[in-house]
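Peer 1: Now for the letters of each chain:
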Amino acid sequence: MRIRVLIACGVLWVPVWATAADDMPRTPSGRPDFSGTYDIATLTPLQRPERYGDKLTLTEDEAAALANREATYIAGRNAPTDPERAAPPQGGDGSTGAAGNVGGYNAFWIDRGSGGFQIDGKWRTSIITDPANGRRPPLTKAGTAAAARRAKMYRPNKGEAWWIKEGVEPGPYDDPELRPLAERCLLGFGSTGGPPMLPVLYNNLKRIVQTDDHLMILVEMVHDARIVRMNAEHAPDDVRSWLGDSVGHWEGDTLVIDTTNFTDRPALSGATRNLHVVERFSRLDEDTLLYQFTVEDPTVWTAPWSGEYAWPATSSRVYEYACHEANYSFGGILRGARILEQEALAQTDDD
Amino acid sequence: MQQEVRLKSCRIAASWLAAGVLLLGAAVPAWAHHAFGAEFDPNRPLLLKGPVVKVEWVNPHTWIHIEVTNEDGGKEVWMIEGGTPNSLLRRGLKRDTIQIGQVVIVDGYQAKDRSNRANGRDVTFEDGRKFFLGSSGTGAPYDKERRGQ
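Sequences listed follow chains A and B, in order. One point on numbering: in the working numbering, the residue at position 184 of the first sequence is 184, and numbering is uninterrupted. One point on numbering: in the working numbering, the residue at position 31 of the second sequence is 31, and numbering is uninterrupted.
Hints are computed from structural coordinates only; laboratory data are not their basis. Take the hints with a grain of salt, since some may be wrong.
Only pairs whose alpha carbons sit at most 20 Å apart, straight line, appear in this in silico SDA-like list of lysine to any residue [stated by the list, open to error]:
#1 A/Lys158 / B/Arg114
#2 A/Lys152 / A/Glu177
#3 B/Lys49 / A/Gln90
#4 B/Lys94 / A/Asn78
#5 B/Lys49 / A/Arg229
#6 B/Lys54 / A/Ala326
Listed below are several chain A residues computed to face chain B (Cβ distance under 10 Å; list not exhaustive) [what the hints assert, rightly or not]:
#7 Arg26
#8 Asp82
#9 Glu84
#10 Arg85
#11 Ala98
#12 Gly104
#13 Ile110
#14 Gly113
#15 Pro156
#16 Pro172
#17 Pro176
#18 Pro180
#19 Tyr202
#20 Ala326
#21 Tyr328
#22 Ile333
If you want the ones that stay clear, here's a sample from chain A, every Cβ over 12 Å from chain B, calculated [stated by the list, open to error]:
#23 Ala132
#24 Asp237
#25 Asp258
In this text, a Cβ means the ideal position worked out from N, Cα and C, and glycines have one as well.
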C-alpha cells in the first residue's frame with residue numbers, strides 16, 4: 001500500500017517518507033493522521049515567570065517541584081474542613097480573578113493537569129517561545145488604550161452598582177451583548193477554542209477528525225467546533241466569525257492552519273478583528289502531537305509572538321457541554337445588576 | 001424567611017471574624033465560565049446545612065439543591081453552584097454517586113438577585129469530608145484509593 005502511494009505521489013514525497021517514523025499513523029492518502037482525542041492540560045504557563053529570564057527549559061528538579069506544588073495544593077484543598085465552620089466573611093473573602101471576592105468552588109471541579117510538558121525530552125518554562133523572554137511583546141499605543149478602556153469597566157466586587165454611582169454609561173450590565181462571550185456561552189473562556197488554542201482551568205480535551213478535505217477540531221468547552229478547509233482560499237474579508245476562518249495545507253508532514261476573518265472580539269484576550277494566527281501540527285511521537293502557533297495583530301502587539309506545547313493523546317472522552325441549556329447564571333447576573341441599581345438609585349434619592 | 005437565613009449566617013460570620021479565624025481553601029481561578037464576582041454578593045455570606053434534594057449535572061455549572069430548615073422550622077430549597085460536571089465524570093463519579101438525603105454543609109455567598117442561590121466555596125458532608133470526594137461505598141476511584149483498593 002505504501003509503495004503504491006509512493007509511486008502515485010511521485011518523487012516529491014520520497015524525502016518526507018524517508019524521515020518519518022515508521023510507526024506514524026497515516027491516512028489512506030498517506031498524510032499523517034492526527035485523528036484522536038487529546039488532553040492538553042498543562043501546568044506550564046503561557047507566559048514565562050520573569051525569574052526565568054530567557055531560560056527556555058526547566059531542570060528535572062524544577063519540573064518535579066512544579067508537579068509537587070500542584071499535588072500538595074490539591075491534596076490540601078481536598079482534605080476535610082471543619083464541619084463547625086462559620087459563614088465566610090461579611091464584605092467578601094478577598095479572593096481575586098473570576099472568584100471575585102466571593103470565592104470559587106472546591107478543587108474537585110478543577111482539572112488543569114498534573115505537571116508541565118516536555119518537548120524533545122526537555123521540560124519547558126513557558127508555552128511562549130518568541131520573544132525569547134517567553135512573554136508577550138509590548139502593546140502598541142492603541143493596544144494600551146484598549147486595555148485601559150477594558151480596565152475602566154471593571155471594579156472589585158463590592159456588591160454594589162458602582163456604574164450608577166460613577167455615572168458610567170453604558171454600564172457593564174446594561175446590555176446582554178456587553179457581557180463576556182464565555183458568560184453568554186458563545187465561546188469558551190481563556191482562548192480554549194482559540195485560535196491559538198490554549199490550556200484552561202478545566203475541560204481541556206480536544207478531538208480531531210481528519211479527512212483529506214477538512215479537519216475538525218472539537219473543543220470540549222462550549223463544544224466549539226473549528227472547521228478547517230484544506231487547500232482553500234480564505235472567505236471574503238467581510239465574512240467574519242467567532243473562531244475566524246481557517247484554511248489548511250500540508251508542508252511535508254506538518255499541517256499548517258492559517259486563520260483570519262475574526263470578529264471584533266476573538267477568543268484571544270486583547271486581540272482584534274485584525275488577528276492573524278498560523279498554527280502547525282506535527283507529531284512528536286506515537287502518542288503526542290506538537291502544537292505550534294504564531295500570533296500577529298499589529299493593532300495590539302508591537303511584534304508577532306509564537307509558542308508551542310505538547311498535545312498528549314488520551315483515552316478519556318470529550319463530554320457534552322450544553323452551555324446554553326443550564327446557563328442559569330447569566331439571567332442571575334443581569335437580574336442581580338438590576339437589583340443593585342435600584343438600591344443605588346434609592347440611596348441617591350435619600351442623599 | 002430567606003432574609004432570616006441570611007441574617008443568621010451574617011451573625012455567625014461576625015462572631016467568627018471576631019475570633020480571628022481564617023478559612024482557607026476556596027478556589028481562586030483566574031478564569032472561569034463566568035465571574036462569580038458578577039453573580040454573588042460579598043455582603044450576603046451564608047452557611048447552609050441540609051439534605052441534598054437534587055443534583056443537576058448540567059453545564060456550564062453543576063447545581064446542588066439542598067433543603068434548609070430555618071430557625072422557625074420553615075423549610076426552603078437552596079441551589080448551590082459548583083463547577084463543570086465533566087471534571088467529575090472523568091474522575092469516575094456518576095449521577096448516582098450522591099444519594100439524595102445526604103446532609104451537606106455549604107459556605108458561600110447569596111446571589112445578587114436575592115434568589116435562593118449561592119456559590120459553594122466549600123461543600124462538605126457533616127463530618128467535614130468534601131462533597132463528592134467524601135461519599136463512601138460509591139466505587140468511585142477516589143473512594144477506592146481511600147479504602148486502599
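Peer 1: Decide, hint by hint, whether the structure agrees.
Peer 2: Hints, one by one, checked against the model:
no. : hint                : in the structure
1   : A/Lys158 / B/Arg114 : holds (15 Å)
2   : A/Lys152 / A/Glu177 : holds (18 Å)
3   : B/Lys49 / A/Gln90   : holds (19 Å)
4   : B/Lys94 / A/Asn78   : holds (19 Å)
5   : B/Lys49 / A/Arg229  : violated (54 Å)
6   : B/Lys54 / A/Ala326  : holds (15 Å)
7   : Arg26               : violated (30 Å)
8   : Asp82               : holds (6 Å)
9   : Glu84               : holds (9 Å)
10  : Arg85               : holds (6 Å)
11  : Ala98               : holds (4 Å)
12  : Gly104              : holds (4 Å)
13  : Ile110              : holds (6 Å)
14  : Gly113              : violated (12 Å)
15  : Pro156              : holds (8 Å)
16  : Pro172              : holds (8 Å)
17  : Pro176              : violated (12 Å)
18  : Pro180              : holds (7 Å)
19  : Tyr202              : holds (5 Å)
20  : Ala326              : holds (3 Å)
21  : Tyr328              : holds (7 Å)
22  : Ile333              : holds (5 Å)
23  : Ala132              : holds (25 Å)
24  : Asp237              : holds (31 Å)
25  : Asp258              : holds (27 Å)
Hint violations for this structure: numbers 5, 7, 14, 17, all remaining hints satisfied.
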